[in-house]
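4 protein chains.
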Amino acid sequence: MAVFSQGVDVSFGDCDPAGIVFYPNYFRWMDATFHRLLSERAGGHAQLCRQLEAKGIGLMEARLSFRSPATEGQHLDYRITQIEWGGRSLVVSYEADVAGRRVLDGMERRGVFVMSDGHMSAANVEGLKLALGF
Amino acid sequence: MAVFSQGVDVSFGDCDPAGIVFYPNYFRWMDATFHRLLSERAGGHAQLCRQLEAKGIGLMEARLSFRSPATEGQHLDYRITQIEWGGRSLVVSYEADVAGRRVLDGMERRGVFVMSDGHMSAANVEGLKLALGF
Amino acid sequence: MAVFSQGVDVSFGDCDPAGIVFYPNYFRWMDATFHRLLSERAGGHAQLCRQLEAKGIGLMEARLSFRSPATEGQHLDYRITQIEWGGRSLVVSYEADVAGRRVLDGMERRGVFVMSDGHMSAANVEGLKLALGF
Amino acid sequence: MAVFSQGVDVSFGDCDPAGIVFYPNYFRWMDATFHRLLSERAGGHAQLCRQLEAKGIGLMEARLSFRSPATEGQHLDYRITQIEWGGRSLVVSYEADVAGRRVLDGMERRGVFVMSDGHMSAANVEGLKLALGF
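Chains as they are written, first to last, in our numbering: chain S, 1 to 134; chain B, 1 to 134; chain U, 1 to 134; chain L, 1 to 134.
If we strip away everything but chain S, and leave its shape as in the complex, we get:
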């Protein structure tokens, strides 16, 4: 069961000369799915940063495995399947389907970045976890 999901309509301009989605767009939609979760649960990235006194909820790592292609006019169901809360990072797992056919699965490792003593560092993610209701 998904933690969160959103639909993505694949448009002509999202596809490359091979006629299938240009793969960086899948990362763009992965990020957008996470940010949609932030919006719905906690008013969005900007408000969360103020609340957590953070500079950003940014990326440490991102990975996707491409199982089958998607093309113009298809509708992706892009899902967050799990969030694993570590000390100073969280791992968000994703998968996306077109009409029940798996298109991709992957993950993002994110941190809550704060400034302290003039340098950026990854803070404890407990505040984010609470703010999102997990």
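No lab work stands behind these hints, which were simulated from the structure alone.
Keep in mind it's a predicted model, so treat the numbers as computed, not measured.
There could be a bad hint or two in this list.
Given that identical chains are not distinguished, each listed pair holds provided it fits within a single copy or across any two copies.
The calculated SDA-like cross-link candidates involving lysine to any residue, where the alpha carbons are at most 25 angstroms apart (straight line), are [said to hold, decoys possible]:
| hint | residue 1 | residue 2 |
| --- | --- | --- |
| 1 | Lys129 | Met60 |
| 2 | Lys55 | Gly19 |
| 3 | Lys55 | Ala99 |
| 4 | Lys129 | Gly100 |
| 5 | Lys129 | Val98 |
| 6 | Lys55 | Met115 |
| 7 | Lys55 | Ala2 |
| 8 | Lys55 | Arg67 |
| 9 | Lys129 | Arg41 |
| 10 | Lys55 | Val114 |
| 11 | Lys129 | Arg102 |
| 12 | Lys129 | Arg101 |
| 13 | Lys55 | Gly7 |
| 14 | Lys129 | Ala99 |
| 15 | Lys129 | Arg50 |
| 16 | Lys55 | Gly43 |
| 17 | Lys129 | Gly58 |
| 18 | Lys55 | Arg102 |
| 19 | Lys55 | Arg41 |
| 20 | Lys129 | Arg79 |
Using the hints, position chains B, U and L against chain S.
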């Protein structure tokens, strides 16, 4: 009254360091709105090209006037307000609002491009007009 | 004679299923050409905003006319051909060629946006003109 | 020592409201670095596909680890550090620096996709290896 409209959710990654939508994204969504019309009325760009024996329904000109900014988490109502059918081109007029506030208006001039005698040229747009039910 | 120019290498992923550049990318490169001018003449957008006490040097209007297509592997020479300095806006004219063949021409109208009395407005552009050495 | 490298100038519009590169752009530039290698060694993706009777040299997996941020006006040195040639896939390793500071490292697993008996499958990559002079 709009000819066609679709919703666009502005995501964090659509915005620039000034915190507002990076303007080429407005052109991307303008194109996506047109392609969504093609999908709903005639099965999409690929099917229309086969039907019209065309290489593409491409751009001759595109223009947007930016009336007010949009930002992360806002929902755009992106509308086609009019299509003017000329001989060898069509002019598609657009506007987009956030919650009733005008964000932009503009236009695309498009042609139906075909190959004849080894060179690309703009064909009569009557076939496209009929295929889209105008 | 160009005021400023930069090269752009068209990559596979910049092109659409018709095999030619997806047109919003031409706007992205137009914006990048302007920002490259800001970098070379005045240290970039962020530094200029501090210097001019502005929120951004943003868009009021953008337009491109597409003269011929460009495709994967081609090298665009993207040029600013003229800047017209008005009172509260500037009009930047552009053209781009591939190997001497015209691909596009167009313009951006930009303003220097400042906050005053809690609302955003377009300031006089004289400070920007001086900062860029025009 | 790098197998191949290219420079990328980070523009204002490549960055997000946190003022740093929006991460899907790093994947876009990773793909562009690979395609630049194809262009320089074998005339580009389209020509290679004709030569290898392939539909595309596409992605099976992509991953990036983000070591430090990059921002507007910085110059990335984006490098292919290694290519491991398997039977039906190749693993391309990447890293990118700004002025000697590591920004990211990661990989793409790619295949040479062909149609046979009406379905797409990953072919032996030996032909690609030879075409690229490895």
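Contradicted hints - numbers only: 4, 5, 7, 11, 12, 13, 14
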